[in-house]
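There are 2 protein chains.
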Amino acid sequence: MAVVVMKFGGTSVADVERIKNVARHVKREADAGNKVAVVVSAMAGATNQLVGWVNEAAPLHDKREYDAVVASGEQVTAGLTAMVLQSMGVKARSWQGWQVPIETNTAHGSARIAGIPGDDLRRSLDAGEVAVITGFQGVEPKARRIATLGRGGSDTSAVAIAVALKADVCDIYTDVDGIYTTDPRIVPKARRLAKVSYEEMLEMASSGSKVLQTRSVELAMVHQVRTRVLSSFTKPEDMAPVGAAPLESVGTIVCGEDEIMETQVVSGIAYARDEAKITMLKLEDKPGIAARIFGPLSDAAINVDMIVQNVAADGHHTDMTFTVQQAELARAVDVLNAAKADIGEFEIQSSADVAKVSVIGIGMRSHAGVAAQMFKALAEKGINILAISTSEIKISVLIDAAYAELAVRTLHSLYGLDAA
Amino acid sequence: MAVVVMKFGGTSVADVERIKNVARHVKREADAGNKVAVVVSAMAGATNQLVGWVNEAAPLHDKREYDAVVASGEQVTAGLTAMVLQSMGVKARSWQGWQVPIETNTAHGSARIAGIPGDDLRRSLDAGEVAVITGFQGVEPKARRIATLGRGGSDTSAVAIAVALKADVCDIYTDVDGIYTTDPRIVPKARRLAKVSYEEMLEMASSGSKVLQTRSVELAMVHQVRTRVLSSFTKPEDMAPVGAAPLESVGTIVCGEDEIMETQVVSGIAYARDEAKITMLKLEDKPGIAARIFGPLSDAAINVDMIVQNVAADGHHTDMTFTVQQAELARAVDVLNAAKADIGEFEIQSSADVAKVSVIGIGMRSHAGVAAQMFKALAEKGINILAISTSEIKISVLIDAAYAELAVRTLHSLYGLDAA
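For the protein sequence lines, the chains are P and B, in the order given. Taking UniProt numbering, the leading residue of the first sequence gets 1, the next gets one more, and so forth. Taking UniProt numbering, the leading residue of the second sequence gets 1, the next gets one more, and so forth.
Rather than coming from a laboratory, the hints here were simulated on the basis of the structure. Honestly, I wouldn't trust all of these hints.
One copy or any two copies: either way a pair holds, since identical chains are not told apart in the list.
Taking lysine-lysine and the DSS-like style, the derived pairs with C-alpha atoms no more than 25 Å apart in a straight line are [stated by the list, open to error]:
id, residue 1, residue 2
1, Lys-340, Lys-286
2, Lys-20, Lys-91
3, Lys-166, Lys-63
4, Lys-142, Lys-91
5, Lys-91, Lys-63
6, Lys-63, Lys-20
7, Lys-20, Lys-235
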């Protein structure tokens with residue numbers, strides 16, 4: 001008998017028909033004797049409607065009131081899911097954030113989970129009841145006000161519940177059936193990974209693969225929660241319950257690297273098109289110039305990703321290239337121009353027509369030459385590298401957007417990821 | 001400085017524009033220095049949508065889950081109203097049933113309010129904050145599950161909050177500007193009543209005037225809460241705040257009869273078209289026959305209103321006529337036919353083509369002859385009376401539906417209610 005947390009996102013509970021499908025997945029686990037906690041998001045579209053009303057009501061709103069309003073969406077799906085389960089003969093009840101309680105800090109609108117006492121919840125599971133818990137929301141225990149965790153927070157709710165219940169697995173049901181070596185829409189030969197490490201998953205998330213929220217992966221990594229990505233669109237009857245078959249027989253398990261026997265050097269190729277490149281030319285090459293540039297950007301809460309600095313031919317000037325989110329490009333340029341008095345003279349060039357392609361794998365730690373292979377292969381295809389950034393288990397290059405698919409396909413083959 | 005409870009129903013908060021209008025009413029009271037608690041319903045249509053989902057999910061549902069789902073509508077309007085108030089410079093916060101707390105019994109779906117500790121609420125009001133409270137919902141304190149009060153329960157929430165806060169007035173904002181001597185759509189000469197007693201209001205509610213929920217009037221009567229019916233569609237700027245003008249200058253005050261100086265013999269004419277008549281013919285005239293008829297109806301939760309029994313010409317048989325809600329007519333006939341073994345032989349006739357017209361007034365207690373006048377006036381118009389029922393302050397007659405308007409107009413003139 002296992003303790004299982006099952007999380008279903010907005011598209012999986014988009015209407016009552018879909019909720020009935022979710023309930024069949026849950027019933028499969030309950031019927032197998034597992035203790036089950038279900039975490040649900042709001043119906044797809046519901047949260048957007050609520051946020052729309054909030055913005056219409058008061059553009060500059062009290063975050064606590066925002067939370068009270070938008071948290072109502074999960075309340076609806078939790079109640080509906082519980083009653084559908086009951087109608088299928090499964091003992092179940094709904095739990096709202098304040099009932100569990102899922103305690104948060106006071107950062108309403110993007111709160112962090114502080115703790116989950118959850119004694120009542122455990123008693124309910126021990127009594128054989130399925131717990132259907134509202135994702136995305138908790139309660140700030142001092143003022144007893146509802147707090148939400150920010151967009152996509154339901155993944156984080158699920159992992160936190162799994163920690164509190166010492167669950168054997170935290171199953172995240174999505175609209176994809178696992179984590180792939182790369183985007184199957186670009187590379188038909190992409191393969192589903194049976195296992196991927198937390199670290200790789202984090203690098204993939206920050207490199208464009210938005211299957212899991214970064215926060216939830218971090219939380220899973222810290223507490224070593226085995227997290228599995230599966231599709232809610234797989235027929236409930238076609239899947240074995242937890243305990244009846246190896247977990248890796250379906251979906252992708254995100255786990256510690258010690259659990260991954262045969263580590264590949266590279267496990268995936270990610271790409272992102274939402275970055276933009278800014279190049280500052282003819283900067284005076286003086287000490288502290290980087291701080292004068294990135295200080296104001298940081299003050300304006302603009303995240304900078306890749307940074308490259310070249311010394312110009314004359315030896316007195318320097319060029320600086322870096323990337324920001326496309327949505328923040330215009331604001332970033334404004335911030336830099338406003339800081340001209342401090343930075344000194346420069347010319348600025350920017351482009352949103354770029355793509356970031358990343359090679360990710362824990363195996364890189366013990367394998368030299370991965371980067372060299374990558375640069376050589378791209379050069380052979382005539383793909384120019386605009387910037388490079390690396391971490392211990394990731395190499396990212398910035399290239400012209402037009403070459404993104406070619407680069408992904410080339411690298412996917414290069415590192416032996418193509419399916420037979 | 002007065003303590004004011006203001007309640008706004010679903011049509012008054014139907015969208016964000018209407019909520020802004022509500023907020024202007026509230027701001028008027030807050031700016032005048034009054035301590036204000038606002039009770040809001042769900043947006044018109046929202047509760048129906050939620051109930052629709054519930055019925056689609058599980059026709060036979062757990063009432064506690066039903067409550068968790070449908071209570072979400074009020075949560076949304078309370079949050080939106082609070083943030084609109086803040087954006088107008090009014091200190092405000094939302095309160096959900098469990099936060100106040102509004103404690104209920106365990107009768108989920110149609111719970112009764114058991115008590116409102118409300119110390120936090122009072123502290124908030126004392127600090128100059130407007131409290132925006134979700135109507136319709138509370139919390140069952142032992143299991144800490146959300147409980148709803150049943151349809152129209154927000155009126156009851158408002159009166160209960162007024163009791164807890166010892167409010168000077170409980171203002172119920174609706175889509176009509178007060179209680180009228182009769183329906184102005186039928187009698188253009190109908191007059192708005194400045195005051196009406198709790199008892200009269202109760203009789204009016206049970207006779208078809210659904211401005212206030214019966215339960216809320218009963219609660220107001222027991223605790224002597226002065227309750228006022230006003231229109232939220234009156235321009236907020238055209239009304240004086242509580243304390244700046246006599247309460248009776250706008251709307252209708254529902255209060256104790258001791259507050260009503262000049263009691264009229266009749267204060268209103270009500271009518272209802274939702275009843276149906278059942279006549280049982282050729283019943284054996286034996287002791288206990290009434291119990292054999294009304295027992296099974298009562299067991300089936302079918303309410304019987306007016307009852308008339310005649311002895312048939314032969315002296316051994318009797319006829320029985322009574323009314324039930326139209327919606328329950330078919331079920332009532334089924335129940336009676338099923339009880340034939342116990343009741344004995346009978347023939348049954350039924351008709352939904354009837355109307356109940358009622359004359360209501362506390363003055364009747366001290367004035368004889370009201371009924372005689374009524375029967376004479378109806379007879380003069382050729383209107384046949386099918387059944388009669390009376391209380392201390394009400395006389396109701398059942399007539400053919402075709403004569404309903406004529407009867408109402410005739411009686412409205414008869415008792416001097418026509419506006420000059």
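Verification of the supplied hints:
no.	hint	result
1	Lys-340 / Lys-286	within (14 Å within a copy, 105 Å between copies)
2	Lys-20 / Lys-91	within (15 Å within a copy, 43 Å between copies)
3	Lys-166 / Lys-63	neither (32 Å within a copy, 31 Å between copies)
4	Lys-142 / Lys-91	between (32 Å within a copy, 20 Å between copies)
5	Lys-91 / Lys-63	between (36 Å within a copy, 14 Å between copies)
6	Lys-63 / Lys-20	between (33 Å within a copy, 19 Å between copies)
7	Lys-20 / Lys-235	within (12 Å within a copy, 47 Å between copies)
Checked against the numbered hints listed earlier, the structure breaks hint 3 alone; every other hint is satisfied.
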